[in-house]
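Enquirer: Residue numbers (our numbering), protein chains in the order written: chain E, 2 to 214; chain Y, 134 to 255.
Worth flagging that the hints you see were computed from the coordinates, not collected in a lab. Check the hints yourself; a few may be wrong.
[To be verified] Pulled from the structure, derived: some chain Y residues nowhere near chain E, Cβ distances all over 10 Å: (1) Leu178; (2) Ala181; (3) Gly198; (4) Glu203; (5) Glu212; (6) Ala218; (7) Pro221; (8) Pro233; (9) Lys238; (10) Val249.
[Said to hold, decoys possible] Per the computed footprint, the stretches of chain Y lying under chain E, defined by three or more beta-carbons under 8 Å from a beta-carbon of chain E, are: (11) 137 to 143; (12) 147 to 161.
From a predicted model like this one, the values you see are computed outputs, not experimental measurements. We treat Cβ as the ideally placed atom computed from N, Cα and C, and that holds for glycine.
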Amino acid sequence: MSEAATAGEPALRPSRWPERVTLRDGSEVEIRPVRADDKQLLRDGFERLSAESRYRRFLVPMPKLSARLVRYLTEVDHHDHEALGALAADGGEPVGIARYVRTDAGSDAAEVAVAVVDDWHGRGVATALLTRLAERAREEGIVRFTATCQAGNEEALDLVGDLGATRMTGTDPLLVEAQIELPAASERSLSELLRAAAARRLVFRPRWPAEPR
Amino acid sequence: PSNIETALKESRWIAEAVVFGDKRPYLVALITLDPDEAPALAAKLGIAPDRAAMATDEAVRAAIGAVVEEANARFARIEQIKRFAILPHDLTQAGGELTPTLKVKRRVVYDTYADVFDGLYE
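Take these sequences, add in the hints, and give me the full structure.
Expert: Next comes the structure, spelled out in structure tokens:
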């Protein structure tokens, strides 16, 4: 059955996914890569995003999700474009999604985007998704995430700040463009630090691989 | 501006509607047609489903104009769209208008289509 593994194949090993994660309030999610047949799940999750959450994600209003967008967001190749979804462990409803898309063919940088349904805001879903997405990105040869968010989006700015982001110069004063270096496995683990940050055991703004306070 | 953008994008025919009017006397909109729905619109109007031709076709402009008028009716006069242009294609990643994760860069849209916007103020 298995032919020579192509890039992205290791991501799909059944033993690794779904990963069950306990969030800081005790609720549980299951995280796994998004599949092409997740279209209805994607639509269901989108319906549970408020207008404001959609605006934060796309930087424009998004009253509807076209079939074309649904295809783009689910038919990912797990190499240049990876997406991880979080489902409520109890009930299976979609609660969050994070993706990276390589900025150019062959680039070692990718743009990252996250969306969490409003009912699950503030529990650490985005952090849980981004931790694992960063590991996947490193596996696919990506060393840097870029993120674009609205200047007033405090949650997003805190999140990228906790990931050690530096602010890039941008031409639009209403947007913040951040760059996040992804540490190699040999350095202090990003996931370790993020879990600690999510549990509020650490407060830090280091440049990698500095020690946290 | 984002409220009327929401109203415009509720239309099945419209994929993107970027409204501008900063420091201008009225608001204008740059509109892209939903590529999957455009053939149905073309069939409804009895024209060829050619995106470039549809952008300037009078029947298409009338159909989109009706959507704009319906959206305008829900807003105060100073929030209404006075003029609009239909782009002959989708917003592109290549041009930087869309990021790889599909975020819309308004500033890039404005700069890229500056001529189109200026034309709406003549």
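Enquirer: May I ask which of the numbered hints given earlier this structure violates, with the numbers listed in increasing order?
Expert: Violated hints (numbers, rising): 8, 9; every other hint is consistent with the structure.
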